[in-house]
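Using the sequences and the accompanying hints, generate a full structural model.
Chains A and B are the protein sequences, given in the same order.
Counting in my numbering, the first sequence tops out at residue 268, every number present.
Counting in my numbering, the second sequence tops out at residue 544, every number present.
No wet-lab data here; the hints were simulated from the structure.
Treat each hint with caution, since some may be false.
[To be verified] Example chain B residues on the side facing chain A (calculated, C-beta under 10 Å, incomplete):
hint, residue
1, S21
2, S292
3, E304
4, H388
5, V421
Don't be surprised by glycine CBs; every beta carbon is placed ideally from N, CA and C.
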Amino acid sequence: MIKIDQLSKAFGNTLAVNNLTLNIEKGELFSFLGPNGAGKTTTIKMMVGLMTPSSGTVSMGNFDMKSEAQAAKAIIGYVPDTAFLYQHLTGSELMTMVGQLYSMDRKTILREQDKLSERLYMGEWLGNRISGYSQGMKQRLAFASAFLHHPEILVVDEPMVGLDPKTARIVKDMLKERSHAGVTIFISTHNLNVAEELSDRIAIINKGKLLGVGTVDSFQSVSGEQENLEDRFLRIVEEEEANGG
Amino acid sequence: MKGFLASVLKTKRLEIFVSSLIVLGLIFGGYRLFISGGTFLLKQGELGEVFLDRMFYLGWSIIFYLLVLSNLITGFSTFYRSPEVAFLMTLPVDNSQIFRVKFTENLIYSSWAILILGIPLTLAYGELQNLSSVQYGIVFLAGILPFLFIATVSAGLLLMLLVSLSRYFKIRTLFVLLGVLFAGFFYVYFTVGQQGTLTGGQLGNFRSLGRYLANLSTNPFPLIPSHWLSKLFMGTDIMGWTERLYFAAIFLSTGAIGWEVINWVSAKIYFQTYQIMEGNNSRSSTKAMSRFFKLSWPGLTEPTKALISKDLVQFLRTPQQWVQFLLMGFFIVVYMINLSRGSANFGELLPFWQTAIYVFNFGFTGFIMAALTARFVYPMISMEGHSLWMLQAAPFSMRQVFIEKFWLAFFALFTLAEVVALASNYFLGQRPEIAILASGFLLMTSLALISMSLGLGAVYAQFSESNPMKISSGYGGIIAVVLSLIYVALSVLSLVFVINLIQSKGQGLLITATVSFVILLTGLYTWLPLKWGIRALKTYEP
Chain A
24 MIKIDQLSKA
34 FGNTLAVNNL
44 TLNIEKGELF
54 SFLGPNGAGK
64 TTTIKMMVGL
74 MTPSSGTVSM
84 GNFDMKSEAQ
94 AAKAIIGYVP
104 DTAFLYQHLT
114 GSELMTMVGQ
124 LYSMDRKTIL
134 REQDKLSERL
144 YMGEWLGNRI
154 SGYSQGMKQR
164 LAFASAFLHH
174 PEILVVDEPM
184 VGLDPKTARI
194 VKDMLKERSH
204 AGVTIFISTH
214 NLNVAEELSD
224 RIAIINKGKL
234 LGVGTVDSFQ
244 SVSGEQENLE
254 DRFLRIVEEE
264 EANGG
Chain B
3 MKGFLASVLK
13 TKRLEIFVSS
23 LIVLGLIFGG
33 YRLFISGGTF
43 LLKQGELGEV
53 FLDRMFYLGW
63 SIIFYLLVLS
73 NLITGFSTFY
83 RSPEVAFLMT
93 LPVDNSQIFR
103 VKFTENLIYS
113 SWAILILGIP
123 LTLAYGELQN
133 LSSVQYGIVF
143 LAGILPFLFI
153 ATVSAGLLLM
163 LLVSLSRYFK
173 IRTLFVLLGV
183 LFAGFFYVYF
193 TVGQQGTLTG
203 GQLGNFRSLG
213 RYLANLSTNP
223 FPLIPSHWLS
233 KLFMGTDIMG
243 WTERLYFAAI
253 FLSTGAIGWE
263 VINWVSAKIY
273 FQTYQIMEGN
283 NSRSSTKAMS
293 RFFKLSWPGL
303 TEPTKALISK
313 DLVQFLRTPQ
323 QWVQFLLMGF
333 FIVVYMINLS
343 RGSANFGELL
353 PFWQTAIYVF
363 NFGFTGFIMA
373 ALTARFVYPM
383 ISMEGHSLWM
393 LQAAPFSMRQ
403 VFIEKFWLAF
413 FALFTLAEVV
423 ALASNYFLGQ
433 RPEIAILASG
443 FLLMTSLALI
453 SMSLGLGAVY
463 AQFSESNPMK
473 ISSGYGGIIA
483 VVLSLIYVAL
493 SVLSLVFVIN
503 LIQSKGQGLL
513 ITATVSFVIL
523 LTGLYTWLPL
533 KWGIRALKTY
543 EP
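Below is the structure:
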């Protein structure tokens, strides 16, 4: 469903993503782990069409992101790490706008908006301007907008940023449900507990290079019983840095 | 040489060099144009001399009110909405110090474009008045600089008052009130406060004409800085040194008192007003504008409807945008009222003056269009801000976003321009072929100016800046204004040439060649910026 092949992105002399190759199957919930500045957000931006790769290719649902970008974007839902939303619109107007951008008819937009608003507890403030929202409210609205058009692929950069525990629980449940329903989900996170709880498979990236891919169990079983995902993650990153990576 | 060029291209120095050449070109070209126009008017005798002084004085009056208004609008975000202020407030720094830093920033942002655009006018008028280099120095240091400073002080005080009042009224209501006050002042200033129209009888009566001319030189508002500035510009034969130094002293003392007053007021209420604005953030919104998203917009695709609705709602919910737009609209209405009042005696004027007024009218319309596009069209792409990712991630091309904005701006501007053209033709009773020519001229002007502003607005986009005034007065904005003014000047000159040829039944070949030149120029002005703008937007990476 998601095919990343020898993907690289350079900013001047800095290589933010270095020859990355990944294959993610339909319905899989895939977590992308890495320390700050590892290249996670840059990879995601190339996956959703916000950045052009320096080399390599990205295919989303059999659509090449370069030559068939519009078809690919139509099946993607994207939640960025910081939800910059149109400040002067209300939440409800923003969702209507997003629905129209994805060519949804008005009836369907309203129906989906009602469902999502109820699920994410947004009803009270959806009629207010976004400029008055807290970071968590904005994040919830960004999730609702990404779910609105029933995407086949969901790409989420740091899913739990700004969410209170109750909403975080709801979002996790929604991600699991969508994954079980066949939606392919790609999340990037610092939060190892989230990755451990949700993911079918995990990839670790540092300084733009892929350090490993596998299931949570495979990561934990490599070096003995006592090592959890956090220990294993830190050890892999430290080893890579010690090797001059 | 190759290496040098490569490094220049890499660091955008070539871009800066070319842009600087364009600005210098405007200064020199504008200077030559004003000198020629002024010399021509002075040759027309006393009437021309008074007309020139009056135009100069009115020009600075308009600039002063626009400066206060633009300072007010930029100040709104500079003093209160800037994330930098929020950060500075957390530091162990005195609030008055923060205010002073932001005041300086506001002064520079609002004034630098006026300063550059005012250079040719200042140089030319000074030369026509035979000012010496010392007198030029006085005009600049004790005239123009305090003039800009006083406008910023006035706006700063007004802004703090407005924000204090926003505890009791909505910001929108206050902006409307302010708009009404400004509009009312404009009306009084440009209609009631000005001389009446010359009647046919007065034209034939030397005593009436003399009285009319004498009254023209009397200013009904002597306490306004534009009046002091026009006094400082007067030639040595009219204005002695004592009087000149008196006006310089008025300027400097008013500036100094203004600085003391604003420092005192800001120390008392700046932090309080900042807190009031923070509280205003959480207010709920009106539902009336949501209707834009429910309109059927026949013939348009769903994404295009979404883009149009979003742009309209955002515009109408930003008081800095629509209040200024309304004021400019009102300014045009006042101008049309004056034109209609003056048109009663239009038929009695000599054909030369008829054509001159008609062409001046189109020059004015072109100038207003250049100002409108620079102020409202240029920031359209930047105003997407960091939310642009929502459009970039959606299933349509950035070209569509650009084209939607182009047509939205075109529809608004061309409608406005055609209303002005039709009304002018009606008031001035022009022949149908000239009226058609003028309509065609405005169609081409609309296309060229919108493309120029929108295209350069995308090339020099500032997605981190939320204040449209600041975006417009940025580096790219000034280049767009300069290029737009060059276009207006060239097309108005071409129009004058063609009208003269039509009136003197001149050569059809020359008419065709001139019209072809304007079409070619319009084509270049439309196509190139569109191409650059779409490319910039397509390749932008957040």
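Here is how each hint holds up against the structure:
{"no.": "1", "hint": "S21", "result": "violated, 24 Å"}
{"no.": "2", "hint": "S292", "result": "holds, 6 Å"}
{"no.": "3", "hint": "E304", "result": "holds, 4 Å"}
{"no.": "4", "hint": "H388", "result": "holds, 4 Å"}
{"no.": "5", "hint": "V421", "result": "violated, 28 Å"}
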